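> The whole structure should be built from the sequences, with the hints applied where relevant.
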Amino acid sequence: MRKLLDFLVRKRHWFLFILLEIISLMLVYRNNAYQRNIMFSSANVITGHIASVSGFVTSYLNLRDINRELLERNGQLEMELLELQDQLEMMRADTVLFTGFASDSTEQFPYSFVLADVVNNSVTHLSNYITVNKGRKDGVEPDMGVVSERGVVGIVSTVSDHFSVVIPLLNPKFKLSCKVLGSSYFGTLSWNGRNARFANLDELPRHVEFELGDTIVTSGYSAIFPSGIIVGKVVNFEKQHDDNFYSLEVELATDFQALNNVRIIKNYRQAEQKRIEQGG
Amino acid sequence: MINNILRGFIYFVVLVLVQVLILNNIHFLRVATPFLYLYFILKMPVGSSQTNVVFFSFLIGLVIDIFSNTPGMHAFACTLAGFIRHPLIQLLMGKELPEGIYPSYKTFGYGGFFRYTLFFVAIHHVTLFLIESLTLFDPLFLAIRIVASVVTTTLLICTIEAFNIESQKSGD
Numbered sequence: 150m151r152k153l154l155d156f157l158v159r160k161r162h163w164f165l166f167i168l169l170e171i172i173s174l175m176l177v178y179r180n181n182a183y184q185r186n187i188m189f190s191s192a193n194v195i196t197g198h199i200a201s202v203s204g205f206v207t208s209y210l211n212l213r214d215i216n217r218e219l220l221e222r223n224g225q226l227e228m229e230l231l232e233l234q235d236q237l238e239m240m241r242a243d244t245v246l247f248t249g250f251a252s253d254s255t256e257q258f259p260y261s262f263v264l265a266d267v268v269n270n271s272v273t274h275l276s277n278y279i280t281v282n283k284g285r286k287d288g289v290e291p292d293m294g295v296v297s298e299r300g301v302v303g304i305v306s307t308v309s310d311h312f313s314v315v316i317p318l319l320n321p322k323f324k325l326s327c328k329v330l331g332s333s334y335f336g337t338l339s340w341n342g343r344n345a346r347f348a349n350l351d352e353l354p355r356h357v358e359f360e361l362g363d364t365i366v367t368s369g370y371s372a373i374f375p376s377g378i379i380v381g382k383v384v385n386f387e388k389q390h391d392d393n394f395y396s397l398e399v400e401l402a403t404d405f406q407a408l409n410n411v412r413i414i415k416n417y418r419q420a421e422q423k424r425i426e427q428g429g
Numbered sequence: 006m007i008n009n010i011l012r013g014f015i016y017f018v019v020l021v022l023v024q025v026l027i028l029n030n031i032h033f034l035r036v037a038t039p040f041l042y043l044y045f046i047l048k049m050p051v052g053s054s055q056t057n058v059v060f061f062s063f064l065i066g067l068v069i070d071i072f073s074n075t076p077g078m079h080a081f082a083c084t085l086a087g088f089i090r091h092p093l094i095q096l097l098m099g100k101e102l103p104e105g106i107y108p109s110y111k112t113f114g115y116g117g118f119f120r121y122t123l124f125f126v127a128i129h130h131v132t133l134f135l136i137e138s139l140t141l142f143d144p145l146f147l148a149i150r151i152v153a154s155v156v157t158t159t160l161l162i163c164t165i166e167a168f169n170i171e172s173q174k175s176g177d
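Chains A and B are the protein sequences, given in the same order. Residues in the first sequence are numbered from 150 upward in steps of one, following our numbering. Residues in the second sequence are numbered from 6 upward in steps of one, following our numbering.
FYI, nobody ran anything at the bench for these hints, they're computed from the structure. Bear in mind the structure is a predicted one, so any value in this text is a computation, not a measurement. Beta carbons are placed, not taken as given, at the ideal position from N, Cα and C, and that holds for glycine. Heads up, a few of these hints could be off.
To be verified - Here are the simulated BS3-like pairs of lysine-lysine, each with C-alpha atoms no more than 27 Å apart in a straight line:
| # | chain 1 | residue 1 | chain 2 | residue 2 |
| --- | --- | --- | --- | --- |
| 1 | A | LYS415 | A | LYS283 |
| 2 | B | LYS111 | A | LYS160 |
| 3 | A | LYS382 | A | LYS324 |
| 4 | B | LYS48 | A | LYS160 |
| 5 | A | LYS324 | A | LYS415 |
| 6 | B | LYS100 | A | LYS152 |
| 7 | A | LYS322 | A | LYS423 |
| 8 | A | LYS286 | A | LYS152 |
| 9 | A | LYS382 | A | LYS322 |
Claimed, not checked - Ranges between beta-carbon positions, derived for each pair:
| # | chain 1 | residue 1 | chain 2 | residue 2 | range |
| --- | --- | --- | --- | --- | --- |
| 10 | A | ARG285 | B | HIS32 | 55 to 63 Å |
| 11 | B | SER53 | A | GLY288 | 24 to 32 Å |
| 12 | B | LEU11 | A | LYS152 | 36 to 44 Å |
| 13 | B | ASP143 | A | LEU237 | 47 to 55 Å |
| 14 | B | ASP143 | A | MET239 | 49 to 57 Å |
Structure, rendered in structure tokens:
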């Protein structure tokens, strides 16, 4: 008995080792669940604030680029506005005025957005995550879509009071339903784990017509993103093994390595759509 | 004793901050990321009890995990590395090292410290990258990532060690 106790005391680091490895494995396993624990992520109070201080400092480094991007975007939108105004004028001139027609003002566009700053970002791992500085207090909930000024970024996965963790396109857990702009057939976009600039669009039917350089946009079926948000453009394609589908290589529109400001998209009808989809 | 705890604490905080704020963003040629925080485990005194080494290895791994959103992966790899640290030192340096010395160029010799670092880092990285690629398997790319990261981390640790004032004083 004494010898046994002696043995146990002498080898206590073995037991500690095995115990700690089991704890680690449990954490790894739990991390694979879609919704994760707030405590062990960068959205908790301490890590979130340290990350936001470092994000605050580094956000000054890219101001020149961001400014140029905003100016470009502003110019584009202004052109679009002018074009639309022009069209409107033309239609007014063409149409016989019908005063009985009023647009339905009770019908609202279901999407709205919250601006957020990126405080922690990774592109180096196989499963990447982004932390942003808006949380439950700002109306952010899990499963909301996130976009940048250039295109789709990802989906909110974990939310604390002031921070949330986003699963970006650069994470194998995230699959996005996309289509080639102008057609209505859709495929699934996923990341191959190698290059932060490219992703693959799979399961696109063979008869869809497209060319290299065509724009890939969201399909809008998930109620997370409105349809027609830019994802990237086609740079390469190949047939899949079973020959009935194409696999496209897509250059992502969002530059994940220099991500600073994002918009979180709220859709007040999302809960309703989910409920009816699950019920049926 | 107090000195030792304070020293360990400073190493811990500084290395964690350097790792999560700077080095985690480095991704050399899209394959290599240095994990300098292993320096904390490497530099624990030689005679410290194995229980302590294993526990603190787990702790620093867990803290790095929480910051980089990879719960469990670094903790697993670090605990394993901390566990084999003592046998590794005995294997490379023999059993008659005086207790309480810190591993450094002076105490281990240049070749000895380099080998010690290289093996330690290699074991940690192989475990870490294997666990990480459970989600997405790609053997060739995995091998490239491991080798590149082992080289970067080892070089970085050996360079830092050469400039570490504390270890130049304490070897006497």
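> Now, for every hint given, state plainly whether the structure supports it.
Hint by hint, here is what the structure shows:
1. A:LYS415 with A:LYS283: With Cα atoms ~13 Å apart, LYS415 (chain A) and LYS283 (chain A) stay inside 27 Å; holds.
2. B:LYS111 with A:LYS160: Given that 27 Å is the threshold and the Cα spacing comes to 31 Å, the pair is violated.
3. A:LYS382 with A:LYS324: Judged against 27 Å, a Cα distance of about 17 Å means the pair holds.
4. B:LYS48 with A:LYS160: Holds. LYS48 (chain B) to LYS160 (chain A) sits at ~23 Å (cutoff 27 Å).
5. A:LYS324 with A:LYS415: Holds, because 19 Å separates the two Cα atoms, which is no more than 27 Å.
6. B:LYS100 with A:LYS152: holds (25 Å)
7. A:LYS322 with A:LYS423: holds (20 Å)
8. A:LYS286 with A:LYS152: Between LYS286 (chain A) and LYS152 (chain A) the Cα gap is close to 59 Å, so the pair fails against 27 Å, i.e. violated.
9. A:LYS382 with A:LYS322: Between LYS382 (chain A) and LYS322 (chain A) the Cα gap is close to 22 Å, so the pair holds against 27 Å.
10. A:ARG285 with B:HIS32: 55 to 63 Å: Given about 32 Å between the Cβ atoms, the range is violated.
11. B:SER53 with A:GLY288: 24 to 32 Å: violated (50 Å)
12. B:LEU11 with A:LYS152: 36 to 44 Å: holds (39 Å)
13. B:ASP143 with A:LEU237: 47 to 55 Å: holds (53 Å)
14. B:ASP143 with A:MET239: 49 to 57 Å: Cβ of ASP143 (chain B) to Cβ of MET239 (chain A): about 55 Å, so the range 49 to 57 Å holds.
Checked against the numbered hints above, the structure violates hints 2, 8, 10, 11; every other hint is satisfied.
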